[in-house]
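There are 2 protein chains.
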Amino acid sequence: MEQESRELRRVGLKVTHPRMRILQLFEEDGERHFTAEDIYKRLLADQEDIGLATVYRVLTQFEAAGILIKHNFEGGQAVYELDRGRHHDHMIDVDTGKVIEFVSEEIERLQREIAAKHGYVLEDHSLVLYVRAKRPK
Amino acid sequence: MEQESRELRRVGLKVTHPRMRILQLFEEDGERHFTAEDIYKRLLADQEDIGLATVYRVLTQFEAAGILIKHNFEGGQAVYELDRGRHHDHMIDVDTGKVIEFVSEEIERLQREIAAKHGYVLEDHSLVLYVRAKRPK
DNA sequence: ATCAGTGCAAAAGGTTTGCAACCGA
DNA sequence: TCGGTTGCAAACCTTTTGCACTGAT
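Going down the list, the sequences are from chains A and B.
Using numbering that gives the first Met the number 0, the final residue of the first sequence is 136, and nothing's skipped along the way.
Using numbering that gives the first Met the number 0, the final residue of the second sequence is 136, and nothing's skipped along the way.
Hints are not guaranteed to be accurate.
When chains are identical, the list treats them as one kind, so a pair holds in a single copy or across two.
Said to hold, decoys possible - Once the Cα atoms are required to be at most 25 Å apart in a straight line, the calculated SDA-like pairs of lysine to any residue come out as:
| # | residue 1 | residue 2 |
| --- | --- | --- |
| 1 | Lys69 | Val127 |
| 2 | Lys69 | Asp92 |
| 3 | Lys40 | Lys69 |
| 4 | Lys40 | Ala52 |
| 5 | Lys97 | Glu73 |
| 6 | Lys116 | Ala132 |
| 7 | Lys116 | Arg83 |
| 8 | Lys97 | Asn71 |
| 9 | Lys116 | Val93 |
| 10 | Lys97 | His117 |
| 11 | Lys116 | Thr95 |
| 12 | Lys116 | Leu42 |
Think of the hints as simulated: they come from the structure by calculation, not from any bench.
On a predicted model such as this, the values are computed, not experimentally measured, just so you know.
Based on the sequences and whatever the hints tell you, model everything.
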């Protein structure tokens, strides 16, 4: 509560009800990756009267402020997660949709090398592994 | 011409005018990566009377048939390229939009290792490097 | 009183689909 | 012939935008 409003002020955004509720959602334990609609539905379920357009606007502002990272995984809907400062990539279980985070310093290094080899500097990258459990449930 | 109709029959698709023209576009030298709209505009410029919906339908069929690969790079529009059987990843020059292909057996191996380490088998992956020329023009 | 922030509805952008006409094996 | 294919328009889905209203300073 206190923490969230400090966070909002820190990035220069007014502390409003929709912003607080959405930020809290991301900072709760449990799910870390949400689409705009996920958030909209959760708020609806909590009796909140927050429009979908507002959800989109807040997500965009949070992304611009560096609070959230936006991912364009397959499937049309953008997915957002808190930017906790530790870069990582994602693995998606194609059967369950579960998102697993991972870090590989070696892959990061290879990417920079490959870009350099072609005369470029790496600005950003997107790596998603689509995986299936070894022993299907 | 002959080659294209054989290709179409091989994958079990009737040889029709729209399918031929679109397949030819991909097999021409030069550009390898097209959006549906790129194709639609090229066909228009060639006086072809092929609807955008048909372009989408043909692209979807070609993808299902394994002739094309579909990429969901950032920016809303899906990009298609011929599946020449040699897997590769992509680098995109963020200034010019240019697409560069590359292969890194080492990254491929690391990806499989990471998936395995988490108890999964790698089914597919998507890797895109966003790069900027070392010495800006 | 002011002005950012909000909800709603409409618009936008990319892609898909229903349908009647058409065409290729 | 006749079922697959196509063009057109309408529908769809996600995201953005216009606008009048609200609410905090």
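Verification of the hints:
1. With identical chains, the CA atoms of Lys69 and Val127 are at most 25 Å apart both within one copy (13 Å) and between copies (15 Å).
2. Taking the shortest Cα distances, Lys69 and Asp92 sit within 25 Å of each other both inside one copy (19 Å) and across copies (20 Å).
3. For the identical chains of this complex, Lys40 and Lys69 are intra-copy neighbours only, at 19 Å inside a copy versus 31 Å across copies, given an alpha-carbon limit of 25 Å.
4. Taking CA atoms no more than 25 Å apart as the test, Lys40 paired with Ala52 passes inside one copy only; the shortest distance there is 13 Å, against 33 Å between copies.
5. In this homomeric assembly, Lys97 and Glu73 come within 25 Å of each other (Cα to Cα) both inside a single copy, at 13 Å, and across copies, at 22 Å.
6. Within a single copy, Lys116 and Ala132 get their C-alpha atoms only as close as 35 Å, which misses the 25 Å cut-off; across copies the closest is 11 Å, which meets it.
7. Proximity of Lys116 to Arg83 under the C-alpha cut-off of 25 Å is restricted to the inter-copy arrangement: shortest distance 24 Å between copies versus 31 Å within a copy.
8. Taking the closest pair of Cα atoms, Lys97 and Asn71 come within 25 Å of each other both inside a single copy (15 Å) and across two copies (20 Å).
9. Taking the shortest alpha-carbon separations for Lys116 and Val93, only the inter-copy value of 17 Å comes in at or below 25 Å, while the best intra-copy value is 33 Å.
10. Taking the closest pair of Cα atoms, Lys97 and His117 come within 25 Å of each other only across two copies (13 Å); inside a single copy the shortest separation is 35 Å, beyond that limit.
11. Proximity of Lys116 to Thr95 under the C-alpha cut-off of 25 Å is restricted to the inter-copy arrangement: shortest distance 18 Å between copies versus 38 Å within a copy.
12. Taking the shortest alpha-carbon separations for Lys116 and Leu42, neither the intra-copy value of 48 Å nor the inter-copy value of 37 Å comes in at or below 25 Å.
Hint compliance for this structure: hint 12 alone is broken.
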